[in-house]
Amino acid sequence: MRKVSVFGSTGSIGVNTLDLLVRQGGSEAFQVVALTGGHNVDLLASQARELRAEIAVTAHEDRLPALRAALHGSGIEAAAGPAALIEAAERPADWIMSAIVGAAAIAPGFAALKHGTTLALANKESLVAAGPLLLAEARRQGARILPVDSEHSAVFQALVGEEMAAVERIIITASGGAFRDWPLEKLATATVAAASTHPNWAMGQRITIDSASMFNKALEVIETKEFFGVDPDIIEVLVHPESLVHALVGFRDGALMAHLGAPDMRHAIGYALNWPERAELPVARLDLAQIGSLSFRAPDPVRFPALRLAREVMAIGGTAGAAFNAAKEVALDGFIAGQIGFLDMARLVEAVLADMCAGHGLGNAAVSLDNVLQTDAEARALGRERISTGRI
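One point on numbering: in UniProt numbering, the residue at position 253 of the sequence shown is 253, and numbering is uninterrupted.
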């Protein structure tokens, strides 16, 4: 039996991961070591009971009594807080899904690599903020990191049997999100509710809003550079409203290798779960004749300033990725809380980056875990201070 853990099991990626585990035999085929979640401890406890997990962990210490009550009589351990997440990640497992949202996934991800495990990485922020460190740690521990973002899984699959030296371009696609066809002047009045509705994908609120602002794609551009070790200049973004072509890889002979599939995260999750084999997955099969046509267009740099900021972050280097991600998370918090507008998110991130470059020398900072976490904390503080004082 394979020993598996799922970090972020109550989110959309985690729920889809557990769906595949159950379909492939559940507790009869997998020994589930740890499941972790956030506020939804009832769902977390239900998942832990169904898959007979050894331990269930909530990130929020105030939810521990409720989690213990929900697990009463099951024999399943209950724990809470950041230290408990790391302890759970250090428990030996053959395959670990990292689907915690945000920078909170960085420390558990490092801990998970200690046993030379396979880390299925659905957390963009780990590579954006600490990519060189995470990849170096995986090499040191003899561990493997498999991408679970649909775009990076698509690139990974298109590269099977290919030499990186032959790669000329990498194209990742974006749906364009909820506001891709809105008049520019209307974006200033965009509401949280409108930004939380994705035209193609069923995802959590935060990533859905990040899709509308294209900050998710900005993170993915940086993630592509880090994971595949390529020059940023060969990474391209195309708006593809149908969300059927997830990525394309272009080679020096002019060929383009495209990965197509229905907009269902179980494609990428299932590939990582069963790699290097392919298992039957419960996803829709494309009828290309019925689809008829696919459309692509270049992203509007005025509508999506996050993409420009990602290029600037890669040019700065050092710990700029950690500052960028932290500022983005604070900006998103502010928008959801009604403290800033939709367009203010990019303005805030740009302002925090400028602050950090001027006062902290991001590009010259050594990329250590301590520096990454310190940069993250300082960028968050600057972002919150700007929101509270209205300096956006």
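Quick caveat, the hints were computed from the structure, so don't treat them as lab data. All residues carry an ideal CB built from backbone N, CA and C; glycine is no exception. Among the hints, erroneous ones may be present.
[Said to hold, decoys possible] What follows is a list of derived Cβ distance ranges for each label pair:
id : residue 1 : residue 2 : range
1  : G142      : A381      : 48 to 58 Å
2  : P183      : S27       : 44 to 54 Å
3  : S368      : G81       : 38 to 48 Å
4  : E163      : K114      : 43 to 53 Å
5  : G361      : D287      : 33 to 43 Å
6  : G75       : G254      : 56 to 66 Å
[What the hints assert, rightly or not] Straight-line alpha carbon distances no greater than 16 Å define the calculated EDC-like cross-link-like pairs of lysine to aspartate or glutamate that follow:
id : residue 1 : residue 2
7  : K3        : E137
8  : K3        : D94
9  : K3        : D42
10 : K186      : E162
11 : K114      : E77
12 : K186      : E90
13 : K3        : E54
14 : K186      : E168
15 : K3        : E28
For each hint, the structure was consulted:
1. G142 to A381: 48 to 58 Å: Distance hint for G142, A381 is violated at roughly 37 Å.
2. P183 to S27: 44 to 54 Å: Taking Cβ atoms as reference, P183 and S27 lie about 52 Å apart, which means the hint holds.
3. S368 to G81: 38 to 48 Å: Violated: the Cβ-Cβ distance is about 24 Å, outside 38 to 48 Å.
4. E163 to K114: 43 to 53 Å: violated (31 Å)
5. G361 to D287: 33 to 43 Å: violated (54 Å)
6. G75 to G254: 56 to 66 Å: holds (60 Å)
7. K3 to E137: violated (21 Å)
8. K3 to D94: holds (5 Å)
9. K3 to D42: Judged against 16 Å, a Cα distance of about 23 Å means the pair is violated.
10. K186 to E162: Not OK: K186 and E162 at ~45 Å, beyond 16 Å, violated.
11. K114 to E77: violated (22 Å)
12. K186 to E90: violated (48 Å)
13. K3 to E54: holds (11 Å)
14. K186 to E168: violated (38 Å)
15. K3 to E28: With Cα atoms ~11 Å apart, K3 and E28 stay inside 16 Å; holds.
In summary, the numbered hints that this structure violates are 1, 3, 4, 5, 7, 9, 10, 11, 12, 14.
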